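Those protein sequence lines, which keep their order, are chains A and B. In terms of numbering that gives the first Met the number 0, the first sequence opens at residue 0 and continues consecutively. In terms of numbering that gives the first Met the number 0, the second sequence opens at residue 0 and continues consecutively.
Treat the hints as calculated values from the structure; they're not laboratory data. Keep in mind that the hints are not guaranteed to be accurate.
Restricting the straight-line Cα-Cα distance to at most 35 Å, the calculated cross-link-like pairs of lysine-lysine (DSBU-like) are [claimed, not checked]:
1. B:Lys303 to A:Lys288
2. A:Lys392 to B:Lys480
3. A:Lys392 to B:Lys303
4. B:Lys317 to B:Lys303
5. A:Lys288 to A:Lys321
6. B:Lys480 to A:Lys321
7. B:Lys480 to A:Lys288
Here are the computed distance ranges between Cβ atoms for each label pair [to be verified]:
8. B:Glu307 to A:Gln188: 25 to 35 Å
9. B:Ala32 to A:Thr431: 38 to 48 Å
10. B:Glu307 to A:Gly232: 56 to 66 Å
11. A:Glu230 to B:Ala64: 44 to 54 Å
12. A:Asp443 to B:Val476: 50 to 60 Å
13. A:Pro394 to B:Arg87: 30 to 40 Å
14. B:Asp405 to A:Leu4: 21 to 31 Å
Stretches of chain B that chain A covers, calculated by requiring three or more beta carbons in the stretch to come under 8 Å of a beta carbon on chain A [unchecked claim]:
15. 133-146
16. 269-283
This structure is a prediction, so every number in the text was calculated from the model and none was measured. Using N, Cα and C, we set each Cβ at its ideal position, and we do this for glycine too.
Listed here are the chains, written in short residue letters.
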Amino acid sequence: MSYVLNTPDHQRAMLKQVGAESIQDLFKSIPASLQLKRPLNVPPALTEIELTQHLQHLAACNQGADDAVCFLGGGSYDHFIPAVVDAVAGRSEYYTAYTPYQAEASQGSLQVFFEYQTLICQLTGMDIANASLYDGGSAVAEAAFMAITVTQRHGQVLVAESVHPEYRQTLATYMHNLDARAVTLPTPQGFVDPDDLKRAIDDQTACVVVQHPNFFGCLEEVEALARIAHERGALFIVSFDPISLGLLKRPGQYDADIAVAEGQCLGNPMSYGGPYLGILACREKFLRKMPGRLVGQTVDRNGKRCWVLTMQTREQHIRREKATSNICTNQGLMALKAAVYLTALGPQGLKETAELCTRKANYAASQLTQLAGVSLRFDRPFFKEFTLHVQGKVPRLLQGLLAGGYHAGLALGRWYPSLGNCVSVAVTEKRTLAEIDGLVRDWDNVRSLAQAEALAEERVAKLPKEANALATRTRRKSGHERDSRRS
Amino acid sequence: MKNQSTELIFEISHAGRRCHRLPVCDVPAKAAAELLPATALADEPPPLPEIGEIDLIRHFTNLSARNMSIDTNFYPLGSCTMKYNPKRHERLAALPGIANLHPLQLDESCQGMLEVLWQMQNILAEIAGLDAVSLQPAAGAHGELTALLVASAYFKDRGEKRSRVLIPDSAHGTNPASAAIAGFDAVTIKSNNRGLVDLDDLRAKLDDRAAVFMITNPNTLGLFDDQIAAITELLHGQGALVYLDGANMNAILGVTRPGDFGIDMMHYNVHKTFTGPHGAGGPGAGPIAVRNHLAPYLPAPLVKKNREQFSLDYDRPKSIGRVRSFFGNVGILVRGYCYIRTLGPRGLREVSDNAVLNANYLLSRLKAKIEVPYGDRCMHEFVASARVLRKERKISAMDIAKRLLDFGYHAPTVYFPLVVPEAIMIEPTETESKETLDAFADTFMRIMDEDAEFLHAAPHALGISRPDEVKAAKEPVLRWKEN
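So that you can see chain B by itself, here it is in the shape it has in the complex (with noise of 0.2 Å):
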């Protein structure tokens, strides 16, 4: 039997099967083609895969063994957030009554949904501790750039000229990117010898050009940054916004709140702190929360109540417009309002108390054995290095992280923050047991001892070897086509 799921959808279609049927036209018109102009027609409809119900099925089943994903495997993908993705969320967002929603439909036919956008807005304000929050952007660096506006709004309102906006150079790379697209000069900041924020080289670079500062805190190697109420003072000093790349908020639900650490506007993914979930890289959501004097600049429509009546707030004159259609990623809003509360306040407070030791353990078992250059501590995640692996006996980040997956490990992230070489970024997530980072330690640290050329070649228990990157970057392919 051929095997379904390494041929192409394209390579078992056969002219004249098909999975789905429709009805016979019920209502007396003419046939389309009289009722619309021949010049508009396409001769063929597109030349679709013709597949039956079975092979259909069988195809896109067998595929998705040939994955990991948190239902399957510990999956420590460092900045990631992969904890596991309750499955009553997913009954629950697929109601009728909210899945079957039109965006534009009146307010008066959707008040549950409403209500629930609503409580969602004052829930993020409250955990960020900031006044106002758009639910529209779509993913996080999607928030980043709807921040950014928002930021630009409000200097062109007060007439100042701000066009640069400053980034540690151990932020994540959506960062500069949204800053380019909103129209700033990105402009790196070094960090110090502790992995925070390098307060000289900040101050050199900071003048009256400065708009925003961009922060992940706790930052992408695990750290928080205890000097952030002496970074907030020079930068709202020269008359910026400080910004919070939300990104590792599962650090410190009801432990600090951005807001009262001096942060001016931030996002969430709520595809990670509030566990999406991440969809194979999307659906995600992006929401930004920010102080009242950046609030009527927010995207419109936001959801205001009046006397127990919700409605969608479009008259916002001073609004940067939109940033995309419609509300929002709301599918991902009503899971994320389904996870905060079940969790309530005392499970919000768990969730970082519990990533963060998690982490720890983790931390401490590792290091025994593998650099981790930025301190014996971490939050939620933390950086190791295969630096002296690699220069002893040439075994690469990359290595290790290709033989985890032989052993049902998801890899954790590699080469990344930049300023660690050899970089090896492991977040455990609070919804792991001890028996799973212990057995997960056990095995990183004997693939450490293995043969350096067996590393090389790994992964050996998957069904492909390593891909030729060089070649489908140099030779793109990017579609199937026909022989």
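Isolated chain A (complex conformation) (with noise of 0.2 Å):
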């Protein structure tokens, strides 16, 4: 099954006015010597029928936030998505066009899309947005890149340690071969003392990177800090969180130079990650330094009203090596899906959204820290995830909790050695008083000394594949359970 509409019939009839005696005649620029003698080592085709199942059947040896109650964050987040979001993003008018190169044709991705840039503007209080990049992540490093052409200064990017670890390490990916050094600013107490970036920062400093909220879920003083990079002629660059942005002062209302962000909580869903949507926004003198695709407003040969990609000569099909960056394929379609999303909550339902993520992070941390030996490791205020320092071994925590129909939280030891007793808890607006309950009570029992070996042992056991995941499923899905939940 390859899709294709060519008969015997049709090919005879193509080769014939093509002048070829066979298809692999056509081939013949290809020395014979490097030519495949074999069939492709790959699974035999499959019907669609097959397929679906085999998808299925895969699909059921995972546990995703459907068969267990997700409190995982860290840069992704189990948001709700409206119906409205996918209705507009499965219009295959949208999801099977290309880039928007011939405007005439593409009129309704680019309107699209300027929209999208002035609803990241609007959201965030910066001049300019650029119309997507890849995810939060490669947005810091391209931001940074940004900052080291506008300032000249090729000494360092200062970055705080708060900022997601994997978005530091693609920064220091990106600039492995930069004269500029990306240095990491300590936070030893959960954020970043205004102090601390005094004595980092130099005349060769070109941006100040912090992540507000940070990867902690807790506020960093950015009023102070980019005041304190502007004293020193540096670009302030901060990673925030769309969603914060319903209660938290916006970017641009303290004076961020360039804001990037994750935008898979703009109705995107978690999708072992990616793909995903980089947001940029910076102010409008920037411009000719942006990386990414614009769309611009203009007028056609009748004085209409209409909209094309422009400015490209910042860009690699133009520029080539003088490109300001060299993202080519965006992430259009997660642009479109924001786009719907802020539309449908609105500056209400971003508030409210924001509220309730608020308040029941603060609720279940409130009630997980009066668990014996559970406490909150900083004390500073949170959004909507926390860090919370357990006692006792976290891996076995974590699967005893996922045995229970909880995806409980975040090991932080992999990227914090001296957080290794550290979990990151996450709570959207979707949790309910009773998943974070239960999350609460489950979270007693496997931590209970006496019991933590024995139930994880017993349910780790059981763990692996499939029939776990079934079994959780059912579970979960049973009335008794649900109730239980409720009570």
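From the two separate chains plus the hints, produce the assembled complex.
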């Protein structure tokens, strides 16, 4: 099955027109010695029914957010996606179109991206936004590159340790062959101490990168940090949580120069890490240094308002090695989803979503920290996720909770050796009182010193693969389970 | 009634309307204003539009009708491989057990997903004829950058200082841009009169400063460079690596493998070759495949299999690190997996057979009337030139492209590659029928006979005429603002 419409008759007629003996004849520019003499060693073809069953089987081997209650965060969140988002993004007039280079045949996508750019400006309070980058991590890297170009400072990029560790790794990888170095600003208290920034920043610092709310969930003192960066002539780059802006001051209000974000939370499923949405907004004066596509408003020959891709002389297909970035394919469909999501929520919906996240996260933290041996690691206000210090082995705790039907949190030890006993817990507007209370109860059970090992052993032993996934699902779907969670 | 598709969403906003409503808070917690410091809070939420549900749906639905798309139009956009996007992929990628997985959930809770990704690593290695695959890059250009960083790490590890990346003049713009971002100097290699790499120019510019030669093969003219064995030998003789821009893999699936013709590293465009879809500009996925000696430098994590258990392997001490957060554009990789599993070995070969047949058929019909500078045969695409038309009748490649839109055909790629004047780059793909190709060829040739003035003013039948791009760039309006 290859979706090919040419029948043997068609092929014969076409070959005749071409003047070729056979299809093989068309490949004669490929030296025979280089041609593959056997079929590719890939699995045999499947019909749609077989493929569907195969994927359903594989999906059943996973425990997604519908099978175990999701308290995982760290840059990807189980927020609710209104049906209108999928209804619009599911229109194949959008998802089977190409990059809108031919403006007359792409006004739909172009106008959506223009609206997306505007929505991001409204959300962030920044002047301009591009039409998307890959994800939150590469957006940080692109922003840092931009800052180096804008400031012409090749000393250092100062990045807070409280920025998502994978964003920092991405930044370090991108910067590997630059003169400028990525320097980490330690955050032992879970946030950037402005005095530490004052000491670390110098006159060759291109930019200061912070995340707000940060990877630990804590708020940063962004206004003070922006001031310090600007006093030394560095740009202030903030990686923000779009949902948080329903409550928190916008990057433009605290004088950020470049605001970047992971836009997954705006109507995109978690999808095991991608495709996501890199958001980048900045001051108008940096326009010509921006990476990525931009849609601009103009008029056609009859003076009718319309939209086109513009400022393309920044881009790789025109400027080649002098381009501001190498990005070509971006995340257009995710930008469309974000535009629909922000429109569907509106100012009140965004505010209420943020409000629910904050209240539920605070409730969850207050309940969990009542358990013996569980405490908040950082004494800082947080938005929708928080970092707990726990006694005992974190992996065992999380495995035990998973077996009980909870994706309970992220172990931070992989990225922060000093936080080996810490778990980050995220709570979105979707989480209910019953789910949070259920987590607390189960956590208590798994944690209980006497039971911990035994219970984890028992549950982990049962864990592998499908059987367990199915069992968990069956449990969760039973009325009894539902009721007990609500009680 | 106002036309809801041409008004901006902001212009149909009315205070007090809304679409999505949230439940009452069911936990006993203080209000957010009491939980968060006042200095951190905004006075008002962002000034987003306020829209009711039916207005939202009508707006975005009507707008969608102002796009051409594969599902509505023939889309022979050269270099972009606009083939049919199977509907089954959309349904399967949206299965809750696939779409609702958190990227950092425990490995034991996503064995099915890891199996798909592990399979995909192996399948892409086999199709490439290479040894190891990273699925992390989000798009083709991202794959290029990743591979160049891998090359850089490899040479650094060997104590070699190599500063140059050699790139043919017919290459995609992403190649030199990626080289620059990876910290290399991009050096252009000329094409010869056959449209292939000029070996003399390559020899002249090749020395021990060369790290990587980036080749697109088949190249952007739709030609397979038959000197490839000599080229890779030259590069390897200097200790350099050869990279394949895999944008044109649709021409050679199961026909020849990059690893078999001397390539050391390459990227795939899953959104092209394995039918993404393109999503109006993305998302894509740009996995890279490399030879064993480069594998240690690939980004982390990779999926590994150990006694029937799959896991993410982060323990890769020589890795370049990572080029994005989380695993990769998994939703697109899953679609690519569905496609490859639907086709199987024979189906993959049929793709290339028919992509090449369709392109040659269209070429043979059009060359009766328009110049095709490089050759009578092509692979999956070819590049015609409106040079003569332009000279004799002042009709440009752009005029033809715009007029094609009137007939319901998406325009081919124009003015690329740069080595062909007035280039019109046509890639029909394997999923189009002879009838579609015939109708397109007839229309194309008919347009060439139309009045020049009439063509300059095309398109005539779309919602708008040609936009003023100069105005857009000179007086940039990049967002809506309230008057």
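Status of each hint after checking the structure:
no.: 1; hint: B:Lys303 to A:Lys288; in the structure: 40 Å, violated
no.: 2; hint: A:Lys392 to B:Lys480; in the structure: 54 Å, violated
no.: 3; hint: A:Lys392 to B:Lys303; in the structure: 25 Å, holds
no.: 4; hint: B:Lys317 to B:Lys303; in the structure: 17 Å, holds
no.: 5; hint: A:Lys288 to A:Lys321; in the structure: 11 Å, holds
no.: 6; hint: B:Lys480 to A:Lys321; in the structure: 32 Å, holds
no.: 7; hint: B:Lys480 to A:Lys288; in the structure: 22 Å, holds
no.: 8; hint: B:Glu307 to A:Gln188: 25 to 35 Å; in the structure: 44 Å, violated
no.: 9; hint: B:Ala32 to A:Thr431: 38 to 48 Å; in the structure: 23 Å, violated
no.: 10; hint: B:Glu307 to A:Gly232: 56 to 66 Å; in the structure: 57 Å, holds
no.: 11; hint: A:Glu230 to B:Ala64: 44 to 54 Å; in the structure: 52 Å, holds
no.: 12; hint: A:Asp443 to B:Val476: 50 to 60 Å; in the structure: 58 Å, holds
no.: 13; hint: A:Pro394 to B:Arg87: 30 to 40 Å; in the structure: 38 Å, holds
no.: 14; hint: B:Asp405 to A:Leu4: 21 to 31 Å; in the structure: 25 Å, holds
no.: 15; hint: 133-146; in the structure: holds (count 7)
no.: 16; hint: 269-283; in the structure: holds (count 9)
Going through the hint list in order, the structure does not satisfy hints 1, 2, 8, 9.
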